[in-house]
Amino acid sequence: MVQILLAAALVVVAAAGVAAAVQLARQRRLTAELRDQNAALAAGVELRDKELRHLAGVRLPELMESLHNPGMRVAGPLHDLTRKAPAFGQSLQTVMDLFAGSAERVRERADQSAKSTLRAMMRAVQSLANEQQLAISTMQERHDDPDVLDGLLRIDHMNAQLGRRAQATAVLCGSWPGQQRSASSMTDVVRGATSRIRDYLRVNLEGPVNVAVTARAVEPVVLTLAELLDNAARHSRPDTNVEVNFRTAHNGVAITIDDAGVAMDAEELQRAAELLSGEASVDVHRLGDPPRVGFAVAGVLAARYGFTVSVDSRSPYGGVRAVVFVPDELLTEVADDPRARPAASNGGGERARAADAADVPSTRHGLPKRSRVAVADRAAEPEEPDAADPASWAEPVRPPRETAAGLGAWQRGTRSGRAGTPAAGTPVPPPGVEGKDLRP
Amino acid sequence: MSRRNERALVRPHVVTGGRAHPSRNVFDLVTLVISAGDLPRTGLSPEKLRIVELCRGGALSVVEIAGHLSLPVGVTKVLLSDLVDSGHLATRAPAQAAPTSRTRLLQEVLDGLRASL
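Read top to bottom, the protein sequences are chains A and B.
Once you know that position 225 of the first sequence is 225 in the UniProt record's numbering, the rest is easy, because the numbers rise by one and skip nothing.
Once you know that position 103 of the second sequence is 103 in the UniProt record's numbering, the rest is easy, because the numbers rise by one and skip nothing.
One chain only, chain A, in its complex shape (with noise of 0.2 Å):
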């Protein structure tokens, strides 16, 4: 009985023996299961923290950099994110996007308030330089002293500049240009952006070139030239000259720059391409500082109004060339200029004589005769001459036969007025009025 109740009990103890290392052994399973668990949760959140802290400490202020500074990279994340925690990536980058949408935002905003508020301030300077122009020529006019002239031209000179800079300005903020111009030979075109910068001594024309630029292309391109020959002026030695040439092509006129300074080099080349292509958009913040405008108002010009700029090819004197390439729409005939006809006043006087005698009638000896002139004829006759031409002062303006014949038809005029009035009492136009129209 004993040894039944021994072996009973033998075996309860075997089994708990059993049941005990079996719980054992799953507990150990357990607590190394969750010590990896724990571990990948620890890993987890420790990646998490890096990735943010990354995120604030070196993403964002670079990609708030990288938005004044296009060329720059943006690091990416510290590890694989789309293997490890998909969905937290998504959220970085959702941050991220976000973060760059609001600066960009920002940026366009300060960036149109700048330019609005430039625009205006410049559309005054210009306009007061305009008026300023006018008061200097006005002057001109009229004072013959040399030592006056010598100021006037000084001050005339760098109201020029002033009105450059302030248009440059304007153009870059958006605004047109201005200034209605007449079509102006290719020359003059140079000359006057030659007139608008501070060394137009160094600026050395070669050869003249038989087209103008049409009306509406002339302040555009004036301004760029200006802008092109400033910065070659600028950017060579003051006792070097800047060379200016015209190159006909079947499409149009190319117009080339040559300095003597020094050329530019990889980087420098290529943001000038950026800017003078007129695709990117000009930031006002980003001009520098004493602001580098050239480029920036050649490139918006040429894009707006269709020539072109180009600055990549070196220059013969081992500076920079800069082409301006002005195609055959914007070009026109140059004007048939009539003070460029001899006007001295003996010679003038005698054609108009000899212009007069061939429409007389003449008998048959040769003698003129007389006769009446209708008033219709008048039309028909050859323009009245110019009365700012002196050729015509030698001349009496009006000849003697005109003068008649107006007469003749003022008094026909009036009578037949009269004779045409219906009853007294009405009132009848004095009869000046007529014959008023009649008069030359």
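Bear in mind the hints are in silico, worked out from the structure with no lab data behind them.
Even for Gly, the Cβ is constructed at its ideal location relative to N, Cα and C.
Just so you know, not all the hints are guaranteed correct.
Unchecked claim - Think about it this way: if two alpha-carbon atoms lie no more than 20 Å apart in a straight line, the pair counts; the simulated SDA-like pairs of lysine to any residue are:
| # | chain 1 | residue 1 | chain 2 | residue 2 |
| --- | --- | --- | --- | --- |
| 1 | B | K48 | A | E268 |
| 2 | B | K48 | A | L201 |
| 3 | B | K48 | A | S66 |
| 4 | B | K48 | A | T308 |
| 5 | B | K48 | B | V62 |
| 6 | B | K48 | A | D188 |
Unchecked claim - Some chain B residues judged to face chain A by a derived CB distance under 7 Å, without partners named:
| # | residue |
| --- | --- |
| 7 | P12 |
| 8 | H13 |
| 9 | P40 |
| 10 | L44 |
| 11 | P46 |
| 12 | K48 |
| 13 | V52 |
| 14 | G74 |
Guided by the hints, dock chain B onto chain A, whose structure is given.
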């Protein structure tokens, strides 16, 4: 005339190369200028070419030339004196006034007036 109101594209300081003092002081408003000989015209600025062209037909006064070029008279004088220096132009003094002495003339006028009273 409309050119006067329009701002000239080429400013006078470029036309004269910044000079305001003519190299010779022989011009007044009515000095007559005539072209002298057929010198080559290469190297002349457009304004100078135009002056030479204008004077080809005969004598012109300084003020007329200034009017034709729409340039201030002072600026025109600088250009003209350059052209006289280079031999393209020559000046001709205006006709001399009659050499009657002033007081005698005035005396005669006075006498005539008295006689008519």
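Numbers of the earlier hints that this structure fails to satisfy, in rising order: Violated hints (numbers, rising): 1, 3, 4, 9, 10, 12 and 13; every other hint is consistent with the structure.
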